[in-house]
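Just need the whole structure built from these sequences, with the hints factored in.
Number of protein chains: 2
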Amino acid sequence: MSPLDMLADVVGPRNVLQDASDIAPYAVDWRGTWRGQPLAVARPGTTAEVAEVVQRCGALGLAIVPAGGRTGLCGGAVAPENGPPSVVLSLERLNRIRHVDARDFSIVAEAGCVVQAVQQAAAEAGRLFPIQWGAQGTAQIGGMLSTNAGGIRTLRWGNARELVLGLEVVLPDGRVLDDLRRVRKDNSGYALRHLFIGGEGTLGVITAAALRLVPALKRVESAFVAVPSPDAALSLFSRVMASGAELIGFELCARFCMEMAARHGVGLRMPLPLEAPWYVMVEIAAAHESVPLRAMLEEALAEALEGGEALDAVIAESEAQRAMIWKIREDYPDCSRREGPAVGTDTAVPVSAVPDFVNTAERELKARWPEGRMAAIGHAGDGNIHLSLHAPEGWTDRAAWVERAAEMEPLVNAIAVSLGGSFSAEHGIGQSKRHAMATHKNPVALELMRAVKQAIDPEGWMNPGKMLP
Amino acid sequence: MSPLDMLADVVGPRNVLQDASDIAPYAVDWRGTWRGQPLAVARPGTTAEVAEVVQRCGALGLAIVPAGGRTGLCGGAVAPENGPPSVVLSLERLNRIRHVDARDFSIVAEAGCVVQAVQQAAAEAGRLFPIQWGAQGTAQIGGMLSTNAGGIRTLRWGNARELVLGLEVVLPDGRVLDDLRRVRKDNSGYALRHLFIGGEGTLGVITAAALRLVPALKRVESAFVAVPSPDAALSLFSRVMASGAELIGFELCARFCMEMAARHGVGLRMPLPLEAPWYVMVEIAAAHESVPLRAMLEEALAEALEGGEALDAVIAESEAQRAMIWKIREDYPDCSRREGPAVGTDTAVPVSAVPDFVNTAERELKARWPEGRMAAIGHAGDGNIHLSLHAPEGWTDRAAWVERAAEMEPLVNAIAVSLGGSFSAEHGIGQSKRHAMATHKNPVALELMRAVKQAIDPEGWMNPGKMLP
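Line order of the protein sequences matches chains A and B.
So the first sequence is numbered by this note's numbering: it starts at 1 and just counts up by one.
So the second sequence is numbered by this note's numbering: it starts at 1001 and just counts up by one.
Hints are not guaranteed to be accurate.
[Claimed, not checked] Examples of chain B residues lying across from chain A (beta carbon under 7 Å, computed): (1) Asn1148; (2) Arg1175; (3) Ala1191; (4) Lys1218; (5) Ser1243; (6) Ala1287; (7) Pro1292; (8) Ser1352; (9) Val1444.
These are computed hints drawn from the structure, not numbers from a lab.
Just so it is clear, CB atoms sit at the ideal spot from N, CA and C, and this is done for glycine as well.
Right under this line is the structure:
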């Protein structure tokens, strides 16, 4: 039997893709940045099949590249260009929701479930699965967990990690770690699951997860607020938090970002004229009908206007207006791409360091690339601001700008790290941030990571060329 | 230089306790269950001193037993009776609060800070450090994290683990893992901190932590509710959760427990006559003044009474009444001890399995020990019910009862595990649950734990004889 026949023997011939055209979608990331040719794509349909495929790949000397919805931004689910012979292990057929328990506020879903399908199943049970980000209609649970996805609700419910009750993982040698329990307290040994969550498939393949649900939201209020500075935005953040209103979204946006959205967005209407240097999108929510949410938001904003933290503010008067505010945020990445070439970052700093971070970065980018245009937008409530540097208006040669601004990301990373922050807040490392791991990662942490990798995947079969520098 | 002089050289002679009388308090746990004689107690005053002590102990062939407030229930901070020559490393002098940032909702505290001191520092900054349990006036931050402490607020804010933003750890070879960052999003590699949190000092010594604060509570309402059964209690739990009220406490108590509290408690007044088989203590809270908390609780309880989930209910009319409800809960362990000999457990099951768990355990305990009296009390909102079996009234010989009921804990553990639960929910393993690890821990998880231990502490210096079976 040929190596690929040995895999077909496990998952069926139809589920081992070998033709170039079938493999093609798995051989490149969705932005077209990362390319790498696997020998085949295996699509197991059960956890047992995943285990068998992994074991056989090990015996055959084939590396494993686990893949979910492949919406990641760091090339983590694509075979590396000059890597060892590898098989992409796509979890797409493990897409059953195994269990929903409304009374228990939990759901058990397989790795290949699309995130939105889990959100919907939770909603049908009258509950909320609270993670939310742009790619949720394509991203899968396994990828969400392997990258510890974030998004715009992190300040309230945490990253994907915080939503996990239990995990099922196929280890590099094919053993199954069955810890798919819905138990909320378990102090029986090392918290192994946290190695696989955010482990980017380098320690094993997540095949299913028991996830926490929360009470459905009954009321939501949003506002679009003009603020004079990042420092004022931070004061507003602290004010709303301290007021006790349940803050579920707090996005900081530079005027330039809103201008790009206004220019390139389809059907986007700005809630305020773009005359202020910075804007904030605020959302508060309540799970109980009787919380006077509107009054709470009005009061906080009135105080902010009086205290000079806000210059102007609009509270959404209807669901349509509320949806519009968040559509601006959601469509922003597309609008930004239409503006032309840019290089970007994904850093986080302590929330109280956001103003210092933004101001320092602005000054240093201006000094180094006076022709560039800095965009700053992000989850200020988590300290996670995505800075990018756009080419001058009319610039079309993407490669040239990427080369010219190649030092922008390392510079911004260094600023974030110097402020006690992270050079990779929510997107992960994959292939694209390995250089930053080498530069900025705490060397002791790096040694520990290598020791853990060696202990769990001594042969290095699992997603080689990712994460570890 | 003698070995202990080499430690005195680091921390000063006054901080290496060698006299039997000085060592005595560190050589036994507070319940007197676990005893073990260390060669000395070292009390370093800085992280650098901790690192140096750890390194020298390694060179001298001395094992390390990290110790905090030593309020643990599993003997984790006591040298094992027939263990290798060891030094208790007490963190008590690392007791500075390094940083409080109200705007950022964070606090950085050293391992030896008493938990209550951190709560107070947070309160002074107008914030809440939300973990809460009986021993908080003695327990220290390092122990809280090393055991991933739980308590009565876990259903709202999670275990200690969920409150950590960053950690500083001295590794078994004396290297310092400095990850004491206040950043809320960081996807740059394996989540190493989660190995040390709940790691019971077997992988390193936590020396400081950056911790998450939350908005201060402005309103709290509590009720004492008589319920007909654990199943009704669960329905009540689900009803209050789904209503959207912010549930911060939900304790289930068998009538026998309340009877013991009434009998032995000093100054305890029961809010209701003890005529129902089960009682629930409910607490809901709001961080915003304007949340109509009282009405929310009244409504939920009225519905529960109508639906037959509740038989009777009292809402606390004053802070004194509210304090009384929770004093009953807090004083319960003492009252229970005064009732006479008992053996206990610390299991958790999925929340929706609590009724099945309690009913099955009650039936099996009754069949096996018809003379015993089962007590059931615990954090039902987390599925963490502490079952114990009391000797018959008037029984005084503790050792005899412990021997007679020796199989109670394994039996209850097995029931919990069979329902997808944990045999160690919040107390940890230490020395007392190692037998349960051997029996019930998933063997693949155990193999992984050993691989991780070997990778990080290959010589086995750190807290030997704990956790791993």
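Hints, verified against the model:
1. Evaluation of the B/Asn1148 hint against chain A yields a held restraint, the C-beta minimum of about 5 Å falling below 7 Å.
2. A hinted interface residue such as B/Arg1175 counts as satisfied when its beta carbon comes closer than 7 Å to some beta carbon of chain A; here the least separation is about 5 Å, so the hint holds.
3. With a cut of 7 Å, the hint placing B/Ala1191 at the interface with chain A holds, because the nearest CB-to-CB distance is about 4 Å.
4. Because the closest C-beta pair between B/Lys1218 and chain A is about 6 Å apart, less than 7 Å, the hint holds.
5. For B/Ser1243, the interface hint holds, since its Cβ comes within 7 Å of a Cβ in chain A; the closest pair sits about 6 Å apart.
6. Below 7 Å, beta-carbon pairs count as interface contacts, and B/Ala1287 has one with chain A at about 3 Å; its hint therefore holds.
7. With a least beta-carbon distance of about 5 Å to chain A, the hint placing B/Pro1292 at the interface is held under the 7 Å criterion.
8. The interface hint given for B/Ser1352 holds, since its Cβ lies 4 Å from the closest Cβ of chain A, which is under the 7 Å cut-off.
9. The restraint placing B/Val1444 at the interface with chain A holds, with a minimum CB-CB distance near 5 Å, inside the 7 Å limit.
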